[in-house]
Amino acid sequence: MFHKVKNVAALPGLKLSVQFTNGTTKLYDIAPLLDRLDAFAPLADEHLFNSVEVDVGGYGIVWNDDIDLSCDELWNNGTEVQTPFDGLMSFADASELWELSESTLRKAVSYGKIVPGVDVWKYGKQWIVTREAMEREYGNPTLA
Numbered sequence: 175m176f177h178k179v180k181n182v183a184a185l186p187g188l189k190l191s192v193q194f195t196n197g198t199t200k201l202y203d204i205a206p207l208l209d210r211l212d213a214f215a216p217l218a219d220e221h222l223f224n225s226v227e228v229d230v231g232g233y234g235i236v237w238n239d240d241i242d243l244s245c246d247e248l249w250n251n252g253t254e255v256q257t258p259f260d261g262l263m264s265f266a267d268a269s270e271l272w273e274l275s276e277s278t279l280r281k282a283v284s285y286g287k288i289v290p291g292v293d294v295w296k297y298g299k300q301w302i303v304t305r306e307a308m309e310r311e312y313g314n315p316t317l318a
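The opening position of the sequence shown corresponds to residue 175 in the working numbering, with each subsequent residue numbered one higher.
Among the clues, some could well be false.
[Stated by the list, open to error] Below, simulated DSS-like cross-link-like pairs (lysine-lysine); rule was C-alpha separation at most 27 angstroms, straight line:
{"no.": "1", "residue 1": "K200", "residue 2": "K189"}
{"no.": "2", "residue 1": "K180", "residue 2": "K296"}
{"no.": "3", "residue 1": "K296", "residue 2": "K281"}
{"no.": "4", "residue 1": "K299", "residue 2": "K281"}
{"no.": "5", "residue 1": "K281", "residue 2": "K180"}
{"no.": "6", "residue 1": "K287", "residue 2": "K200"}
{"no.": "7", "residue 1": "K189", "residue 2": "K178"}
{"no.": "8", "residue 1": "K180", "residue 2": "K200"}
{"no.": "9", "residue 1": "K299", "residue 2": "K180"}
{"no.": "10", "residue 1": "K178", "residue 2": "K281"}
{"no.": "11", "residue 1": "K200", "residue 2": "K178"}
{"no.": "12", "residue 1": "K200", "residue 2": "K281"}
{"no.": "13", "residue 1": "K299", "residue 2": "K287"}
{"no.": "14", "residue 1": "K299", "residue 2": "K178"}
If you are wondering where the hints come from, they were derived from the structure by calculation, not from laboratory data. These figures come from a predicted structure and were not determined experimentally.
With the hints as extra help, turn the sequences into a complete structure.
Written out as structure tokens, the structure reads:
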């Protein structure tokens, strides 16, 4: 099972804030890897460390062609943290996790199954839905 990465940000002290598509945020400490594995030693350079990006497809994160971490490593060894955005996800992420079309989710809003202002919000063209509403209406996600 993959826990796809949605976003990653470098933090002080060789830590990463990793947001997953299922709405979970985890803090991952790179420092132990620098001590144990020579391949990660270049990340002591702040400029390189801060250049971290999500890998294509969200299956991990990368710094360059030689240094990367898988989504499983980040999920299994990261520490879950609470944020004001926990449990929020885009319609695109929700439709992927539950294997539904975005139009199905828009119809759920128009039929009142997912309540605007309570379960779902629209910012510009982007819809954001709560994980709680998705689980209430569609059960546990297929892919998460």
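Quick rundown of the hints versus the structure:
Between K200 and K189 the alpha-carbon distance is near 10 angstroms, which keeps this suggested pair within the 27 angstroms criterion. At roughly 19 angstroms between alpha-carbon atoms, K180 and K296 fall within 27 angstroms of each other, so this suggested pair holds. Of the supplied pair hints, the one linking K296 and K281 holds, its CA atoms being roughly 14 angstroms apart against a limit of 27 angstroms. With a C-alpha separation of about 16 angstroms, the suggested pairing of K299 with K281 holds against the 27 angstroms cut-off.
In summary, the hint linking K281 to K180 is supported, as the alpha carbons are separated by about 25 angstroms, within the 27 angstroms threshold. The suggested pairing of K287 with K200 is violated, with an alpha-carbon distance near 30 angstroms, which exceeds 27 angstroms. The straight-line distance between the Cα atoms of K189 and K178 is roughly 19 angstroms, inside the 27 angstroms bound, and the hint therefore holds. In summary, the hint linking K180 to K200 is supported, as the alpha carbons are separated by about 12 angstroms, within the 27 angstroms threshold.
A threshold of 27 angstroms between alpha carbons decides the hint, and for K299 with K180 the separation of about 19 angstroms falls inside it, so the pair holds. Between K178 and K281, the direct Cα distance comes to roughly 26 angstroms. Compliance with the 27 angstroms bound is thereby established for this hinted pair. Our distance criterion of 27 angstroms between C-alpha atoms is met by K200 and K178, whose separation comes to about 12 angstroms. Among the hinted pairs, K200 with K281 is inconsistent with the structure: their alpha-carbon atoms are about 32 angstroms apart, more than 27 angstroms.
With a CA separation close to 20 angstroms, the supplied pair K299 and K287 stays within the 27 angstroms bound. For the hint pairing K299 with K178, the CA-to-CA distance comes to about 23 angstroms; that is within 27 angstroms, so the pair holds.
Hint compliance for this structure: hints 6, 12 are broken, all remaining hints hold.
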